[in-house]
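Guided by the hints, dock chain V onto chain R, whose structure is given.
Those protein sequences? They're chains R and V, same order as listed.
First residue of the first sequence: 1, per my numbering; consecutive thereafter.
First residue of the second sequence: 1, per my numbering; consecutive thereafter.
To be clear, the hints were calculated from the coordinates, so they are not data collected in a lab.
Since this is a predicted model, take the numbers as computed values, not measurements.
The beta-carbon is built from N, C-alpha and C at its ideal position, and this holds for glycine as well.
Check each hint, because a few of them may be wrong.
Residues of chain V placed beyond 12 Å of chain R at every Cβ, according to the derived structure [what the hints assert, rightly or not]:
no.	residue
1	K34
2	N116
3	A148
4	P186
5	E261
If the Cβ cut is set under 7 Å, some of the chain V residues that face chain R in the computed set are [unchecked claim]:
no.	residue
6	Y159
7	N189
8	K193
9	V239
10	K263
There are 2 protein chains.
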Amino acid sequence: MRRVMSYTVAVVGATGAVGREMLRVLEERDFPIKELRLLASPRSAGLELPFRGGAVAVTALTAESFVGVDYALFSAGASVSREFGPIAAAAGAVVIDNSSAWRMDPEVPLVVPEVNLAAAQVRPKGIIANPNCSTIQMVVALKPLHDAAKLVHITVATYQATSGKGQAAVVELREQARAVLAGEAPKANIFPKTMAFNVISDWKTGADDYSEEEWKMVHETRKILGDATISVSPTTVRVPVENGHSEAIWARFERPMLPEEAKDLLEKAPGVILDRSAYVPGGGPDPRMATGRDEVFVGRVRADVGTPGGLCLFVVADNLRKGAATNAVQIALGLAGLPY
Amino acid sequence: MRRVMSYTVAVVGATGAVGREMLRVLEERDFPIKELRLLASPRSAGLELPFRGGAVAVTALTAESFVGVDYALFSAGASVSREFGPIAAAAGAVVIDNSSAWRMDPEVPLVVPEVNLAAAQVRPKGIIANPNCSTIQMVVALKPLHDAAKLVHITVATYQATSGKGQAAVVELREQARAVLAGEAPKANIFPKTMAFNVISDWKTGADDYSEEEWKMVHETRKILGDATISVSPTTVRVPVENGHSEAIWARFERPMLPEEAKDLLEKAPGVILDRSAYVPGGGPDPRMATGRDEVFVGRVRADVGTPGGLCLFVVADNLRKGAATNAVQIALGLAGLPY
Numbered sequence: 001m002r003r004v005m006s007y008t009v010a011v012v013g014a015t016g017a018v019g020r021e022m023l024r025v026l027e028e029r030d031f032p033i034k035e036l037r038l039l040a041s042p043r044s045a046g047l048e049l050p051f052r053g054g055a056v057a058v059t060a061l062t063a064e065s066f067v068g069v070d071y072a073l074f075s076a077g078a079s080v081s082r083e084f085g086p087i088a089a090a091a092g093a094v095v096i097d098n099s100s101a102w103r104m105d106p107e108v109p110l111v112v113p114e115v116n117l118a119a120a121q122v123r124p125k126g127i128i129a130n131p132n133c134s135t136i137q138m139v140v141a142l143k144p145l146h147d148a149a150k151l152v153h154i155t156v157a158t159y160q161a162t163s164g165k166g167q168a169a170v171v172e173l174r175e176q177a178r179a180v181l182a183g184e185a186p187k188a189n190i191f192p193k194t195m196a197f198n199v200i201s202d203w204k205t206g207a208d209d210y211s212e213e214e215w216k217m218v219h220e221t222r223k224i225l226g227d228a229t230i231s232v233s234p235t236t237v238r239v240p241v242e243n244g245h246s247e248a249i250w251a252r253f254e255r256p257m258l259p260e261e262a263k264d265l266l267e268k269a270p271g272v273i274l275d276r277s278a279y280v281p282g283g284g285p286d287p288r289m290a291t292g293r294d295e296v297f298v299g300r301v302r303a304d305v306g307t308p309g310g311l312c313l314f315v316v317a318d319n320l321r322k323g324a325a326t327n328a329v330q331i332a333l334g335l336a337g338l339p340y
Numbered sequence: 001m002r003r004v005m006s007y008t009v010a011v012v013g014a015t016g017a018v019g020r021e022m023l024r025v026l027e028e029r030d031f032p033i034k035e036l037r038l039l040a041s042p043r044s045a046g047l048e049l050p051f052r053g054g055a056v057a058v059t060a061l062t063a064e065s066f067v068g069v070d071y072a073l074f075s076a077g078a079s080v081s082r083e084f085g086p087i088a089a090a091a092g093a094v095v096i097d098n099s100s101a102w103r104m105d106p107e108v109p110l111v112v113p114e115v116n117l118a119a120a121q122v123r124p125k126g127i128i129a130n131p132n133c134s135t136i137q138m139v140v141a142l143k144p145l146h147d148a149a150k151l152v153h154i155t156v157a158t159y160q161a162t163s164g165k166g167q168a169a170v171v172e173l174r175e176q177a178r179a180v181l182a183g184e185a186p187k188a189n190i191f192p193k194t195m196a197f198n199v200i201s202d203w204k205t206g207a208d209d210y211s212e213e214e215w216k217m218v219h220e221t222r223k224i225l226g227d228a229t230i231s232v233s234p235t236t237v238r239v240p241v242e243n244g245h246s247e248a249i250w251a252r253f254e255r256p257m258l259p260e261e262a263k264d265l266l267e268k269a270p271g272v273i274l275d276r277s278a279y280v281p282g283g284g285p286d287p288r289m290a291t292g293r294d295e296v297f298v299g300r301v302r303a304d305v306g307t308p309g310g311l312c313l314f315v316v317a318d319n320l321r322k323g324a325a326t327n328a329v330q331i332a333l334g335l336a337g338l339p340y
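Isolated chain R (complex conformation) (with noise of 0.2 Å):
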């Protein structure tokens, strides 16, 4: 392989859960770097993180850490990424963030490669969004069939895995599922209440009575497909899963859409992993198999038996890959030409 560039990366909130992850998926992706500059708090400077065989010191954040960095990939909290994000955009970075901080400027691009990555050409502030995690799998699976029949509404219920919280959010699972198993009290202070081998709801409250994540679910996939006329209706819900966000989707179109021509198209749609048997019990995508991966698995795509035309499917992925530190380093490739 030919490279005619290679660049200088900084990875903000690299000590992360999604940071480590980014680390993976650019080692993994082969990315063209130069230099490796791994940015966090003053409390994880010093800290060493493995690369290419090596290990690269973080050093603690500060609005010098991005002279001379060409991508600036940004996961360390809405905070952080507010106030050097445009330090980095300023010293010329193009910053690619995760964080809901910029998502809905409409000066800020929000992208998922495999739907829109044009629109990251067009970045006014030198800033591209990266989306939620629920909202990039979701349209990965809808976007080809919304090329095909345009979407009209989508009805979507998640299963989110503890890992979207942060890394101390699966130990909490682990430590309650212990002391569920053990017959003792789980103690809840990441959660609000005991997760372990329950269902809840735990993100900030949101307008009208939804949550935060459900508005992230309305706005960002109208903005990301280009269409605000699509309509979406969220719930969601975190089960005891350490990885990997699962959905329950229905989608109406403006024709009808049979699950033959759904399955067709999703088989050739980039990044989709389909599973065409539409039933099987205990078949079909789940977050265990997903997690490692950065595909979008699709199955039980089939008609929607109450909505006559509407289909639907079941859609996995793992959040902390695909939903946050793949999709942000695939922005990266794929600006800078390279196959994502």
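Relative to chain R, chain V alone:
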């Protein structure tokens, strides 16, 4: 309390998860029993089960088991119900069957006391069917809204517990969880694959790529509500929860149903406990808090942001109790003219 009558009650499948729960509910509800017959397979004969401070011996189920029985509560699987249901009915017992054997028989009423107790009075075969657990909790929540505005369409995604698959499934979930926490490979015998920390669909395949569980939610809902025009779009999913089913429901009516009206109706509805706080992080009903309770818990009542006039709710209940044992005992109580 003045008691006019006292009854001979048989519990078929007394040693199973639902059978044991039936004994607890009969005891808690102070059901007027003059004789309790615990029936099971020959290998369980001789076992003693606790009841009202004493113990009752299990005897082997035979064609002669039902002589003199007033109420025969069946929960031993569809084949036992198909064989012994008519025998018990011929012996004069009112059969209340928890299996799927008779549910869709036009000569067998399908009854949820809060919804259609009157239907239990017309039973040409002497058999009354207890609906599927997922259907029961859904119709209890939707009935008061249906009465007010007439249901047109229901979309439902389930988060179903492992106890619905029997006690052995709960044990396997716990063993698998232990293995995962210990870094060992979990073994799957009852489940088609690892259920711990995972999300799967493990019901039998039905028609048109739907699971049998999904078809039950379609057909049983129409039969119980007595309205074949209601369309239902179900996706049933098993989650790693020991007990207690959750359901994300979207409902559309002949006229707009506003959340405030729905909450007022649900607050007065029999068998419903309403959480008026539509969204509080981690608040609202969950399967751990619903376990051991007989009511159907309804929360997250809010306008469907994607469907004008539509309503969303989140419905949780103990699938072994209201979803099975409690509902069966309530039918007997109702027929005996007692409060249920």
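Verification of the hints:
1. K34: Given a closest Cβ separation of 38 Å, the condition holds.
2. N116: holds (22 Å)
3. A148: holds (20 Å)
4. P186: violated (10 Å)
5. E261: holds (15 Å)
6. Y159: Holds. Min distance 5 Å.
7. N189: violated (12 Å)
8. K193: holds (5 Å)
9. V239: holds (5 Å)
10. K263: Violated. Min distance 11 Å.
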